[in-house]
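Asker: With the hints as a guide, bring both chains together as one complex.
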Amino acid sequence: MRASNGFKGTVFKEACIRFNESFSLVDINWMLEPGQVWAIMGASGSGKSALAAALTGAGKLSSGTVEGIVANAGVVSLESQAALIERERLRDDSDITDKVSQGTATREMLNEVSKDPELLAKLIKLFRLEALLDRGFRKLSSGETRKVLFTRALTSKPDMLIVDGPFEGLDTQTVPAVDDLLKQVSTEIPMLLVINRFDELPQFVTHIALLERGHLKTTVETSDKTAMDLTSQLLHLKTTGIKIPGADPGNPLPPLDPAEPLVYIRDASVRYTDNLVFEHLDWRIETGQHWQLTGPNGSGKTSLLNLITGDHPQCYNNDIFVFGYQRGNGESIWDIKQHIGYVSSSLHWDYRVSINCKNVIISGFYDSIGLYTKATDSQIEIAMQWLQILGFQDRAGQAFNQFSYGDQRLLLIARAMVKHPHLLILDEPCFGLDDMSRQLVLALIEKICAGSESTVIYVNHHAQDQIEGIDNYLALTH
Amino acid sequence: MANYFNTLPLREQLAQLGKCEFMDPAEFTDGVTYLKGKKLVVIGCGSQGLNQGLNLRDSGLDVSYALREAAIKDQRQSWKNATENGFTVGTPEELIPGADLVLNLTPDKQHSGVVAGVVPLMKKDACLAYSHGFNIVEEGMQVRPDITVIMVAPKCPGTEVREEYKRGFGVPTLIAVHEDNDPHGDGLAIAKAYAAGTGGHKAGVLMSSFIAEVKSDLMGEQTILCGMLQTGSLLCFDKMVEKGIEPGYAAKLVQIGWETITEALKHGGITNMMDRLSNPAKIKAFELSEELKVIMRPLYNKHMDDIMAGRFSAGMMEDWANDDAKLLGWRKETGETAFEKTENTETDIAEQEYFDHGILMVAMVRAGVELAFETMTAAGIKEESAYYESLHETPLIANTIARKKLYEMNATISDTAEYGCYLYNHACLPLLSDFMTQIDTDVIGRGLQLPDSGVDNQQLIEVNSTVRSHPVESIGATLRGYMSAMKRIN
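Going down the list, the protein sequences come from chains A and B.
Note that this note's numbering gives residue 12 to position 12 of the first sequence, counting from 1, and the numbers run on in steps of one.
Note that this note's numbering gives residue 107 to position 107 of the second sequence, counting from 1, and the numbers run on in steps of one.
Here chain B stands alone, though its shape is the one from the complex (with noise of 0.2 Å):
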């Protein structure tokens, strides 16, 4: 299979890369209408597979669960979860023939495998639904012509996604056709049937491509996501013990850090988490976040560079055939560092002195979000994906970072970020060598604890308006206030 991407011609992909935007409520006016009465069988029964499932069958929909004959017979614990939620449990050779839509929702890398076992079975006319496209972009997997192709990615994890939809909500989705297999032309009703299923159209649906969701999504979760939090984590941590900070100490206020930090992101963007600094730390902030953008833009750009080109997944599928040699390797690396082996203080640190003293860690994450905003953008893909892919996720994963340190962020998240993380790290961590030399505790451990706050009046401003023009800024504001709108009535 060859990458689908590097196949198409320079127009197309621009097309294709350019695609993603906000949908009006109204196109959802009909809900699942278009699906009532069809057959949905749902292959993977791991959290976004059982939680989708519950809340398209809540919205009416006929949801059934295709699990290996194996899996059945010995009643293993995805037959356990489909089965207590009252699903009726077949094997593919019962369900698949049957159904009008099989929604894939196994993890990427057995997607070539399962998709290769599922077509043959399926019947004429039928849809597939992918959560996400790298089989499709990345792999270059064909699927039979008279399918329909489409993506449906909610844009949270499925507990969340359960969550919502019973409190009457729903998570933000992205939805795509994959334009080579549009044989009837309604891949975009079904797709709009089934984020109305799960609840996403009322928090608001975004139109992409195939395409722009996999580069966007790679971008992100290997740079600013995994990437930068976790090269931030180790420089931090080290240096705070170099210079004489209490190991216990240094340890959680990045490990919590990062979480509470990317709260005030997720709540008002760059510019509110720089706004919870005193003056003095946000300028300082300001001025680091400055010159990690001039030190690090050479990485993003060949990170993009490397996706675009189709470089990074050919050399990530060439280790999964090597019984991931590499990543395992890596991984167990990342479990040895001195921050990952630290146990944190029992002391509590208050959520402003997380700030306080964590201005370089603030300083990466706004250095991370806009470069890699940035990148993407320059490379064709629309700010709305940009967003997503970066501000809206940082938070996300900092979250899991403050419940499981890296090593076990890395064993969690996807093993195509992962990988892409530890390719980063190794970059970033020689590029960043000289810079932090001249970093101290006053902005990260200690603070700057200056006897007077005062700064000065144009240089504040300046800061501030660089801050908040930053396009990653409006976008962010457009859509964050979509959500709030339909969220916090007051």
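Isolated chain A (complex conformation) (with noise of 0.2 Å):
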């Protein structure tokens, strides 16, 4: 069944987009035909988002023209997700109730756009989305609101779907059958797919439009085979003899004991009244030996980071030892941040301040989401290496939230590794980043595993990004 919808084809004519200060696209000449699946790929920052956005009218058109925008469209991404995740905070009346929130339920977020309570009740079954249902979306793990993202697009009857990044964030159970349902949708509704890795460029996508630096480069058909393996080879760009910076010299990290575990979970559970996340949970990792933590979505992954890091408040009603400390004895949360560098996706979105890139990195020695201390010389020398590793010594200056979502995970992973902490959380960080940038970060975390300085424990889905030096694995299950 085709389903009858609006869309009739875009046309864009030398069309220059402006989005912000610093970014526009430049000269899109670009025809989306009804039938056809695109993907759109390039480096981080290119504007493969942007692209997207475009399509459904964002951004200011300074010359050219384009024809046939999709108003309704479906659109999960990454920004869509902020964009969900803000309303819901803003949503949050706490401040001026001075009631504490529970948000809006999950099934209150599907019913708002569903207009197919069939489609719906499939979808939620084929993601499994049951339990979470009165549960409120704020407190979903990321994964899961990935889940009711796409339920949501896909329910409301758009004329075009747009995906950007269709499988970040889904646990390895899932991404088969979103492959599958995406496959299936492809041949009702018009779609169109942001692709940040090649080797998740589904096998249904007819189209490719390749971006860089807000030029549509090219275009290629998926099934012209010489071009495709250009496009392959464009897109895996080597990345060699990384020398990593130092750690700043003039603020060593205070020693620990070698003799004493790192850290030393016994027992621990995280509950709350209607849900049980995990319950006698033990784990001890020394010095020196790297993790790789794996789990379905909603596996309680982060709830266990966040025991480590003191983020998550039942730290205090477990057995928890870190550094030298046994959490709830007076010892203050900056007492255990100093020795962890961490990256993942909520600390990604919590970090919504005014600030430079420079000293966004700059923020990792100070455990801080923005800057609030006057940073060193060597700091700020060492910050600027980092900078020349990403690629990013030009923009040194610029504001963080003026860089694509991929750039700005790049930032924060420096930040996480500035000070060479004696633990390294890496929570997805590949989380929304290209090839390029992806191996480069892969190749940043063999350094450091290879290093003495920092254990590291390490989160992701794929089975690709394996990493050398990682030999302990934790499984959660649900």
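The hints are simulated quantities; they were obtained by calculation from the structure and are not laboratory data.
Note that the structure is predicted; figures quoted are calculated from it, not measured.
We put the CB at the ideal spot given by N, CA and C, even for glycine.
Every clue listed holds true.
Here are some, though not all, of the chain B residues that point toward chain A, as calculated from beta-carbon distances under 10 Å:
#	residue
1	Gly31
2	Val32
3	Ser47
4	Leu54
5	Arg57
6	Gln77
7	Thr88
8	Leu105
9	Thr159
10	Lys202
11	Arg403
12	Ser414
Answerer: Rendered as structure tokens:
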């Protein structure tokens, strides 16, 4: 069945579209026809998400024309995910009511847009959302939020489905299901994907648009084998010869007793009145013992890590020993955080302050979001070395929020590594990164694992993103 | 209980009112040490109660929550909030006797009852903390003489108190010691450690008194903060509709306009807010605000006088005793105004348009802020307090209106603020009726639409200099400077 919908094709003619002071799409010539399935690809910051957004009318057209803007698109992207989280944050009236808000229930989030109860029921089953329906949307894990977003977009009967990073944040069990689902949907609804990794390009994609710094460099039909090989090469750039900048010689971290474990968690549980996340969990991490943590969305990976970082309030009623402190004996959260470098989606969403990109990296020395202490010369020097590695040396003074999501993630990874912490926690660090940035990040992590200063805990869903040097595994289940 | 302020001799009244100074960050180098190992028990698990507790615990302090037995037995929301966050929860009978510091973070209105119930359970020489001094100053609550009574009042909503702490920063905080209850002379040490535990010391702490806090807080909230914004909303909306502007546009211009305009205020004071206007519009706004200041000054004086004399609180407490009859009636009235009932247009209004089409609103904000500030300082309140209770808080209330309009804004601010807001509104509406007859859409709704925005140089210089040399601007620049010196490092 081909659903009736309003998409008659879209034509960009020499379109220049401005998004903010530092980013515009330039001279875009692009024609999308009904029946095609497009994937936009390119490096972080090349304008992939911007081009997808331009299709729905975002940005300011400064010259050229765009005909056939898709007004009623269903969008699944980091931005729409962040927008929904932000909306929920604004709906939280606890600042003015002095009541602690529970947030909108997931069920309501789905019902408010759904125009197809039958499909809604099917997707709830497919994504195993049943148990989450009465929970507040804000309490869902990042992978679960993503599934809600998919369900919202598909059940709203859109004229086009736009998915920016279709498999980002999904656990391994869910990836094939989403692949199947999209394949099926692609025969019914016009679809546009933004793909960060070449190995994630679904079979059913018919055309690729390759972007480079705001220009549409080329378009390729996936049936054209030669052109595809070339594209693949372009996207797999090699990263060699990286040297990690040193720690700050002026402010060495307090030393730890090597005889003690770094982290020792005994019989831990995290529970809410209506939900048990996990219980009877033991975990002992010795210095130099690198770990990979796996588990499906919602199995409590982030909760467990937050027990270690001190960001989960239930760390105080569990038996947790970290960096020489038995938690809940008068130590402050900053005593703990000084030993940790951390990157995760929730950190990314919390990092909403006005700050330039150099200071984002420096804030890693102080474990702060934003920078509230004057940096030393050596810290600035180290931050500049990191910017060099990331290729941002010319953008040191640029505002963090003007960077693309993928580039922001790179900066936050550098922030986590900058002080050579005793424990480096990387919770899906490659979320939203393109191939090149991912190679870079994986290489950086391998270098850190090979060194002796930091012990690494690594969370990821991609079987391909194995890291040499990590040989301990903890798998959480539902 | 008698009004405490009124029992003091004038000399003492003036001394207390005149207390408010910015504390040197070096006074906080000991952090929370003074409270280390002490038992802190919080009463009230709302947004302030929960979030302050989370911060204090993350600073290494021992925090638990006393909830009523029924709340624990029925597993009410307050019980869930505390237990899901890993806190020990118990009844007051179980927890208060062991407490070294009891944090009363319940709403104003419950203070008398809460304090009367809790104090008998407190051990000898313990400390009781408030975050607002109404109960002590206006209701004249007398606390057992062996107990130390302090105040720690973060000048932001609870969620922000937590958010800023997690970032590694804090929110500006006011502290005070009730001198009649400082038997061991360590009230200040406790208040400083408590403020440090919430992260307040990183953003700046003001040392004040219970009296200065209460009198300035009441004055600010009923005049510029809630009163002026309510009266201004109703007048501006009705005028636009009368002059044929589409009601949906008028409603949005007003509702979102306050927030947009006062965002400029937050960053750079009245000066920056006025600078967002074109030169001719700025001159127009200046002239209107000068006129408004003359008309409204007697009303601001009356509010200040009633607050100082205790007439305001006496009147309001009468209404409390009468089941809030007046308050609820007035609240209902607000819900039925045309502004409240009109749906906003879906059409976007550009950020600059809120200024260009809202010249009268800018004038009202300038007049209200300056009048409140002038009236407070003339009554002996320090400039620092007057700044925080006028200019600093205006964007916070404007933000509430942007989300909730007036009815909800009023229902959600404290009942004390709401009661005062209605008193102001009822007096201010008739006071401005003549003034409003001369108003047209050039200053509210459509903008000046001049073919040429030239102005007379001398006139512009005079306007700029009057705006910039107002004392609220110099103290504002200093206080914002402290904040940003700490906050924005480039």
